[in-house]
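Chemist: Given the structure of chain A, go ahead and fit chain B onto it with the hints provided.
Chains as they are written, first to last, in the numbering used here: chain A, 1 to 196; chain B, 1 to 250.
In case anyone wonders, no lab produced these hints; they're calculated from the structure.
This one's a predicted model, so the numbers in the text were calculated from it and none came from an experiment.
For each residue, glycine too, the CB sits at the ideal point set by N, CA and C.
Do not rely on the hints blindly, as some may be mistaken.
To be verified - For lysine to aspartate or glutamate, the following EDC-like pairs were computed, each having C-alpha atoms within a straight-line distance of at most 16 Å:
#1 A:Lys140 - B:Glu25
#2 A:Lys85 - B:Glu25
#3 A:Lys39 - B:Asp219
#4 B:Lys198 - B:Asp219
Stated by the list, open to error - A few chain B residues facing chain A, derived, Cβ under 7 Å:
#5 Val7
#6 Ile43
#7 Tyr225
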Amino acid sequence: MKKDWVLTQEAFDKLLDWLDPDRDVAGRKYEAIRLRLIKIFTCRGCSEAEDLADETINRVAARVSEIASSYQGEPAAYFYGVAQKVYLEYIRRCKTRQAEVPADSPIINITTSSEGIEDIELEYECLEDCLEHLPTSNRKLVLEYYQQERKAKIDHRKLLAEEMGIALNALRIRAHRIRRALEECVHLCLEQEPAH
Amino acid sequence: MITTPEVQSRLKQYLLGQLAEDSWEEVEKALLSDDDLFEELLIVEDELMDEYLSGKLSRNERSAFEQHFLNTAERYDQLKFARAFNRYLTTTRPPEPGAGRFWPALKTQPLVFGTTAIAMLLIAAIAALILIRDQRSPQTFATLTLTMSQGTRGDGPPIPVLKLPLREDALQIVLNLPEKPPPALRYQAELETAAGDKRRLEPSSQDPHSLTVVIPKTDLKQGQYAIKLFAIGNDGVEQRLQGAYLFTLE
Chain A
1 MKKDWVLTQE
11 AFDKLLDWLD
21 PDRDVAGRKY
31 EAIRLRLIKI
41 FTCRGCSEAE
51 DLADETINRV
61 AARVSEIASS
71 YQGEPAAYFY
81 GVAQKVYLEY
91 IRRCKTRQAE
101 VPADSPIINI
111 TTSSEGIEDI
121 ELEYECLEDC
131 LEHLPTSNRK
141 LVLEYYQQER
151 KAKIDHRKLL
161 AEEMGIALNA
171 LRIRAHRIRR
181 ALEECVHLCL
191 EQEPAH
Chain B
1 MITTPEVQSR
11 LKQYLLGQLA
21 EDSWEEVEKA
31 LLSDDDLFEE
41 LLIVEDELMD
51 EYLSGKLSRN
61 ERSAFEQHFL
71 NTAERYDQLK
81 FARAFNRYLT
91 TTRPPEPGAG
101 RFWPALKTQP
111 LVFGTTAIAM
121 LLIAAIAALI
131 LIRDQRSPQT
141 FATLTLTMSQ
151 GTRGDGPPIP
161 VLKLPLREDA
171 LQIVLNLPEK
181 PPPALRYQAE
191 LETAAGDKRR
201 LEPSSQDPHS
211 LTVVIPKTDL
221 KQGQYAIKLF
231 AIGNDGVEQR
241 LQGAYLFTLE
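Isolated chain A (complex conformation) (with noise of 0.2 Å):
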């Protein structure tokens, strides 16, 4: 990966800028943006989501004072296509590293891999830890949602968005946010346990 670009304080500003006036506004999407670039990586099946993202802006964001006055259009647009070749390089690294797996291979093989049942109990009991220190009704709206089996599962969400007077689709989303909370604090309270 190319390193030898630094993203300085004042690339970095005017790389908000050229996103929103707003600084605000121009954080938000900046964060928007990463996060996605990282997803979109992770989807591609590359290892080093996080860097090839933070690489894809640095690049960004040192072009961004010649393009500004003139590129039209939503900036995330650009992003994706500095990605294109930032993913490509990527390719190429890995397949002079590796000349017979055009991609990644998988870092970690479930079948074959080393969890032990204490890793698994002591994720368990930060789950229930977690479920423990949500409010009540969100508690009770993530166990509901997710309960029971297929046809079941469909009915019970239907009675349950009825009951709470919203659209099931809105039942599914609130239901998903709750849950990503939920995943986000089994895995803080996993970096505080001592690893097994």
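Modeler: Relative to the frame of chain A, chain B by itself:
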């Protein structure tokens, strides 16, 4: 963006690496600029993991999930969380939706509300007394350690016999796992009577060599019993272990 089954299906294909290159570029460009679509992707990602864990993916999807989707450490961590969450859900049952409608209905009828409240308090008090008396956690245990028998009741090692009634609160059975058990995240035990009645036993503890189940004294009846073991793998699929743990209560 409006969430439709088509959008969800396309995102699922994208996550599984089953879209043609021009199609996934189209999806990715949209993901960068459409907040709702990005959130939808995250939802479909969670649903995909749940489907994988509950064995609902087709063979083709399952293969794509393992080869393409599950190829970064982050995804593996997400799957671990989903697995823990699914395990929690299978062992916990929250109240059914609809249960909460009872109280708002009563509040509109004060007389009925008052009478019902008194009746419910009485019922709750009686139930609490019964619970305290009969369903307190066992404090003392009789322990039976069993090794899996591969044969029928006629062959193999002698079948342990335990005399009833027990003086202890419950029977604790330690099930020694076979020497080479299949890879499993956890185990489920099933108690079967000679008449063929079955019930699941939730393990009270588990280590790499054994699994412990507890049967309260009140549930013990004379007869011959077999405990069957099921290994639950990373994918959530149950696999029955050959053989059974046999014992007799007299």
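Chemist: Quick check: which numbered hints come out false for this structure?
Modeler: Numbers 1, 3, 5, 7, in rising order.
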